[in-house]
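S.K.: Listed here are the chains, written in short residue letters.
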Amino acid sequence: MHGLTNRAIQCFVIDTYGSERWAECARVADIGFSDFESMLIYDNDLTNQILDTASAALNRPRFELMEDLGTYLVSHPNTESLRRLLRFGGDTFIEFLHSLDELPDRARLAVSDFDLPELDLRDQTATQYSLTCRSPIAGTGHVFIGILRAMADDYGALVILEHLGASQGIETISISLVACEFSTGRRFNLGGQR
Amino acid sequence: MTVCHVDLIGPATDPCNTGAILDVLCPMHLVLNKTGHIIHVGPTLIKIRESEDWLGKRFLEVFSLKRPRSVNSAQDLEAVSGSKLHLQLRDPPTTNLKGVLVPGHIAGQLIVNLSFGISAVDAVRDYELTNTDFAPTDLTIEMLYLVEAKSAAMEASRKLNLRLQGAMIAAEEQAFTDTLTGLKNRRAFDMIIERHLVAGTAFALMQIDLDFFKTVNDSYGHAAGDQVLQTVARIMVAETRDADTVARLGGDEFVILFPKQSNQDVMRAIGQRIISSFEKPIQFQDKICKISASIGTVFKITSDTATAKQLYEQADIALYASKRAGRGCQMFYLGDGKSG
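Chains as they are written, first to last, in this note's numbering: chain A, 61 to 254; chain B, -19 to 320.
Treat the hints loosely; a few may be bogus.
[Unchecked claim] Beta-carbon label-pair distances, calculated as ranges:
| hint | chain 1 | residue 1 | chain 2 | residue 2 | range |
| --- | --- | --- | --- | --- | --- |
| 1 | B | 154 | A | 100 | 39 to 45 Å |
| 2 | B | 47 | A | 136 | 43 to 49 Å |
| 3 | B | 116 | A | 140 | 23 to 29 Å |
| 4 | B | 68 | A | 173 | 37 to 43 Å |
| 5 | A | 198 | B | 78 | 27 to 33 Å |
| 6 | B | 47 | A | 239 | 47 to 53 Å |
None of these hints come from the bench; they were simulated from the model. Positions of the beta carbon are idealized from the N, C-alpha and C atoms, including for glycine.
Isolated chain A, as found in the complex:
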């Protein structure tokens, strides 16, 4: 897994539970160092180890923790730049959903060796979608549930999300759009902060 992914997990644990808890996770997981570097590549096993250790140390089921990680990535002030990059996907939540297919390509434009999970959005009806996600890290679908829920809030849309399980490394999420303009959402200035 790319350092950006591992670093995101580290920042999530630090910003949510404190740096002492992170230090404890890194020690118990025995990854051999205390900080992930964003721009280096790590073995996939390390990512699984750190997720399992954090789950045990923080006493939260791994998939719940991963969903929280997804929410954190969009809604925490420290990850505002990531939220902005996702908002470039479109003007409405539906446009954003349709931009998910090209998210891995967008990520690679910025960081050429950054491999995001493969994403595939299918629309069954105008309000019913499914998203499949293929990743070597089990539970990645839960991260996307967190991301989608937080992004729906950001756009002011109301959605119901459900994890439909995994098969052969592919996880499926069902997305039901209840209301596109449920609330005002958060502002997105294309030009950033003045």
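Fit chain B to the given chain A structure using the hints.
M.R.: Same frame as chain A, now just chain B:
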């Protein structure tokens, strides 16, 4: 303020409805009549300036044409049809724009399409533009995305570089070896001299300063200087025994510690050999570098209680006596601040 507001290529006068089509395809276009006055503007331009600032104004009154410079009248405009235009809005914010103009299908009219070009990042911020202000085929949004994504990636790389640099400095500080010459560094030498002082044994401390090294560096560059330092390091290692410690204290300053050595004649001979080896010309690419050395030597005898700092100072006194004596020689510290 009357006729100006009439959209002369609207449905009434233009059955093709060119204005409405171009509003979608090129939201930053303008239509000029044959006198060079603006008669229609696309929706994104209306967002950056009020309609009143456009309609009825002369194109060249709103924009200054930076390139091609020869354009001064409506007639000149038609002549640059099809070529790339560099424009600037005359009123602040004086945004730079790129453009191209073509004759419209109504005789005498010109259609100008504009783009922010590379000033898009500033323009989007200055005018608070959104996704919908750009045609869906326009790549400006993708460009803005890339600018932000690349900046974020660059910031992550920069932080990594800073941490690596910090780690390198820390590692160097902890190291005992001078990376350029492979000799011991000051830190290592301080520890070795301290060990000899604690043991209370006799030794000789030779301080060596290169002569004319600055000239080599200044005339032939640092690469030449580095080669000279590596060469003299090899000479000093060759001229000493394994038990002796050769160290580079920094720059062109070297020291050698000779354990259990108290014989002035032996030290004089070693110093002489080092100086004459140093004085052999050193080849760097097609250049010949000529240097020499001044040496100051002090003996630490068993009964002496001098500290490392005092010994360095005494060697220094002898060294400066050598410099004063015309360089390329060795002087000994004789006690009581005297050398000879």
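S.K.: Under the constraints set out in the numbered hints, which ones does this structure not fulfil?
M.R.: As far as the earlier hints go, 1, 5 are violated by this structure, in ascending order.
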